[in-house]
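Visitor: Residue strings, one per chain:
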Amino acid sequence: MPDAPSINESADRKFAVDMPNILFATALAGWIAWYCWDAWHANSAMENMILILPVSTAGLLLYFFVIAGSIKRPSLAEIQSTPPHELMDRGVAIKIAGSMAMLAALVLAGPLIGFDVATFVYMLGMMAFLGERRILVLLFFPLLFSVAVIYCFGTLLATPLPVLIFRGQN
Amino acid sequence: MLDLHALIAALHLLGSSWQPWAVVIPGILIGLLIHSVPGLTTSMALAICLPLIPYMNFLQALIFMTAMYAGSVFGVAIPAILLNVPGSAAAVGTTFDGFPMAKAGKHNEALGLALVASCFGQVVVYLLLLGLAGPIGAFALKLGPPEMLVLSLWGVTLIGTLSGRHLSRGLLAGVLGLLLGTVGVSARGVPRGTFGIDLLLDGIPVVPAIVGLFAAAELFNLVGREYIVDNLAQRQVKAIRILAGMREAFRHKTVMLRGAILGSCIGIIPGGHAIANLLSYSEARRVAKDPEKFGTGDPRGVLAAETANASSEGGSMATLLALGIPTGGATAVMLVAFSMQNITGGPSFMRDHADIVYAVILANLAQVAVLAVVGFAFIFAAGFVVKVRLRLLVPTILTLAVIGSYALSHDIAGPITLAVFAIIGWIMHKLDYPVQAAVVGLLLGRGAEGNLLRTYQMSGGNFGFLLTRPIAIVMFILLVASTTLPLVRSMRTAARKGKLKWNEEHS
Numbered sequence: 001m002p003d004a005p006s007i008n009e010s011a012d013r014k015f016a017v018d019m020p021n022i023l024f025a026t027a028l029a030g031w032i033a034w035y036c037w038d039a040w041h042a043n044s045a046m047e048n049m050i051l052i053l054p055v056s057t058a059g060l061l062l063y064f065f066v067i068a069g070s071i072k073r074p075s076l077a078e079i080q081s082t083p084p085h086e087l088m089d090r091g092v093a094i095k096i097a098g099s100m101a102m103l104a105a106l107v108l109a110g111p112l113i114g115f116d117v118a119t120f121v122y123m124l125g126m127m128a129f130l131g132e133r134r135i136l137v138l139l140f141f142p143l144l145f146s147v148a149v150i151y152c153f154g155t156l157l158a159t160p161l162p163v164l165i166f167r168g169q170n
Numbered sequence: 171m172l173d174l175h176a177l178i179a180a181l182h183l184l185g186s187s188w189q190p191w192a193v194v195i196p197g198i199l200i201g202l203l204i205h206s207v208p209g210l211t212t213s214m215a216l217a218i219c220l221p222l223i224p225y226m227n228f229l230q231a232l233i234f235m236t237a238m239y240a241g242s243v244f245g246v247a248i249p250a251i252l253l254n255v256p257g258s259a260a261a262v263g264t265t266f267d268g269f270p271m272a273k274a275g276k277h278n279e280a281l282g283l284a285l286v287a288s289c290f291g292q293v294v295v296y297l298l299l300l301g302l303a304g305p306i307g308a309f310a311l312k313l314g315p316p317e318m319l320v321l322s323l324w325g326v327t328l329i330g331t332l333s334g335r336h337l338s339r340g341l342l343a344g345v346l347g348l349l350l351g352t353v354g355v356s357a358r359g360v361p362r363g364t365f366g367i368d369l370l371l372d373g374i375p376v377v378p379a380i381v382g383l384f385a386a387a388e389l390f391n392l393v394g395r396e397y398i399v400d401n402l403a404q405r406q407v408k409a410i411r412i413l414a415g416m417r418e419a420f421r422h423k424t425v426m427l428r429g430a431i432l433g434s435c436i437g438i439i440p441g442g443h444a445i446a447n448l449l450s451y452s453e454a455r456r457v458a459k460d461p462e463k464f465g466t467g468d469p470r471g472v473l474a475a476e477t478a479n480a481s482s483e484g485g486s487m488a489t490l491l492a493l494g495i496p497t498g499g500a501t502a503v504m505l506v507a508f509s510m511q512n513i514t515g516g517p518s519f520m521r522d523h524a525d526i527v528y529a530v531i532l533a534n535l536a537q538v539a540v541l542a543v544v545g546f547a548f549i550f551a552a553g554f555v556v557k558v559r560l561r562l563l564v565p566t567i568l569t570l571a572v573i574g575s576y577a578l579s580h581d582i583a584g585p586i587t588l589a590v591f592a593i594i595g596w597i598m599h600k601l602d603y604p605v606q607a608a609v610v611g612l613l614l615g616r617g618a619e620g621n622l623l624r625t626y627q628m629s630g631g632n633f634g635f636l637l638t639r640p641i642a643i644v645m646f647i648l649l650v651a652s653t654t655l656p657l658v659r660s661m662r663t664a665a666r667k668g669k670l671k672w673n674e675e676h677s
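These protein sequence lines are chains D and S, in that order. Under the numbering used here, the letters of the first sequence match residues 1 to 170, in that order. Under the numbering used here, the letters of the second sequence match residues 171 to 677, in that order.
Any given hint could be a false lead.
Okay, the calculated bits of chain D under chain S, using three or more residues with CB under 8 Å as the criterion [what the hints assert, rightly or not]:
id, region
1, 22-28
2, 92-102
3, 121-128
4, 144-155
Bear in mind the hints are in silico, worked out from the structure with no lab data behind them. Ideal Cβ placement from N, Cα and C applies to all residues, glycine included.
Using the sequences plus the hints, can you model the full thing?
Guide: If you want it as structure tokens, here you go:
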């Protein structure tokens, strides 16, 4: 994701268009509009819309301010001081995207295969993905951590978790 | 005012045996430990320990619960500083300068500052309570739905204007939070914004959402780095530097005192403790000669937020004792604990059991002294987080957050919420939308809707009714001023820059 706005030249003038922000703000505005419609559709009574309607309206108005702020003509000084079109380092971007995917996998797999197994696999995979290469650390840290977490939550905190192996703890 | 007979009776009650005091250190440690796990809350810690209450005598139960409460008040600041993860909404303001200090290798000093601020805030509020418990209770009774509504809106707009470089993005984030806070079944009994998912009928699970927005999003940003603190020389945990931070705190007595008094006043209002730290931070920045330093690792930011956080929790205790009204999850569980000992808070309780009220206050004051020592040892241990490689720390914290979320919601709604909000939080962070505004909105959304509805019902649709609420009017004026002043200031700066630009292009 670009950190700095891209600069599109038009005739003799330069405009900075913060496209990622426009896309995100549009997504937010879209959700706000949908939510307001959904609430209205569910029940248009005062009790149901008393906060949602005015706050949604304010949100949609703010959206236009955000968009207006995302398209501007910078001064010469600003152009000179802004670093050239910075993109996130490819390696870091891959690691962040991979971390997000693995988090999603843990969330979905935990209740299905048990948090004991899912935690072990996730810890091992994530540590290896982030650069851990010591085999003993890769094996024992996730193992000890998984056992400790399941024991603490299951026994000490009396919080039942879905597990596959450590059933005695819950 | 101070009832000397009751005070002496309270001292007699507390000094009758040393044994109940044996639970102070375990209580404080549990409070501190619980908040080192993202997703776990004070109310959860208190709730888990509730089954122990019937096995304790009254005094022991009282001291145990208040010790846990005291520990948790400070505990929330530790992950806020070290990991940018506020243990609760009350520590959001602490992240603003605490985490930049940690990233700059000043984690020891930041933790020392927070410890002193927390102890100071608690001492101030409990001293105030000792003398003014009755009048505070009477004042709290005058606050109704209109005041609470204005307070909620004030919190959201304040945080929206306070953080980030773009006012419109801050306010949009606040609006988003407010709306997200109302998702679920409405007062009319109809589901809104649930996408037909049953798990969302009760609304978006707030704690997992907060942990996702703050913690997970920040952890994604740390991916690719070796340590939280890059510089090896700065990656040290030294008691002497924690002490230096503690000494530094006393150079800013005015900031601490202002934060403590603000927090005490706001904390008595239901939901107030969530925004007391933000209002205090905002006020400290407003009166500072160099406000631009706030947000970059300024000790005054940590002190302002932390003193208000600590004192607001004491304020919540005042409302609990004086009115029998819990103003948050933690005080709600304490109310249950009190009732297990056949004690119910409220005006008659204040009148008939003033000795017990004073005993609670004095026990808290004594626990602050213990907290200073135990907290010091705890932060010394917690400071070693900066020495752990991020490739171990990131998966560890994320796993704890996911399991903590599951434990909190007892179903998959918690972990899914965490994951979704982690991604949203990361994008917001990248695009300079203040995540804090969305969090405060999310926290206050449902309450704001309820208070607006009750205000409407009280007024019968006649908005002239608001003119009969002077406290609400004053708060509304403050809301407008705190929103418009930064706007006017930024417009003036923009106009000045525009003038310079014009001169630059025409010279």
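Visitor: Hint by hint, note whether the structure agrees.
Guide: Okay, the hints, checked on the actual structure:
Counting residues of the region 22-28 of chain D whose C-beta lies closer than 8 Å to any C-beta of chain S gives 3; at least three are required, and the coverage claim holds. Figure legend: the region 92-102 of chain D, annotated as covered by chain S; annotation consistent (5 residues with Cβ-Cβ distances under 8 Å, at least 3 required). Given as covered by chain S, the region 121-128 of chain D passes the check, having 4 residues with a CB less than 8 Å from a CB of that chain where 3 are the minimum. Only residues whose beta carbon comes within less than 8 Å of a beta carbon in chain S count, and the region 144-155 of chain D has 3; three or more means the coverage holds.
Going down the numbered hints, you'll see the structure goes against none, and every one checks out.
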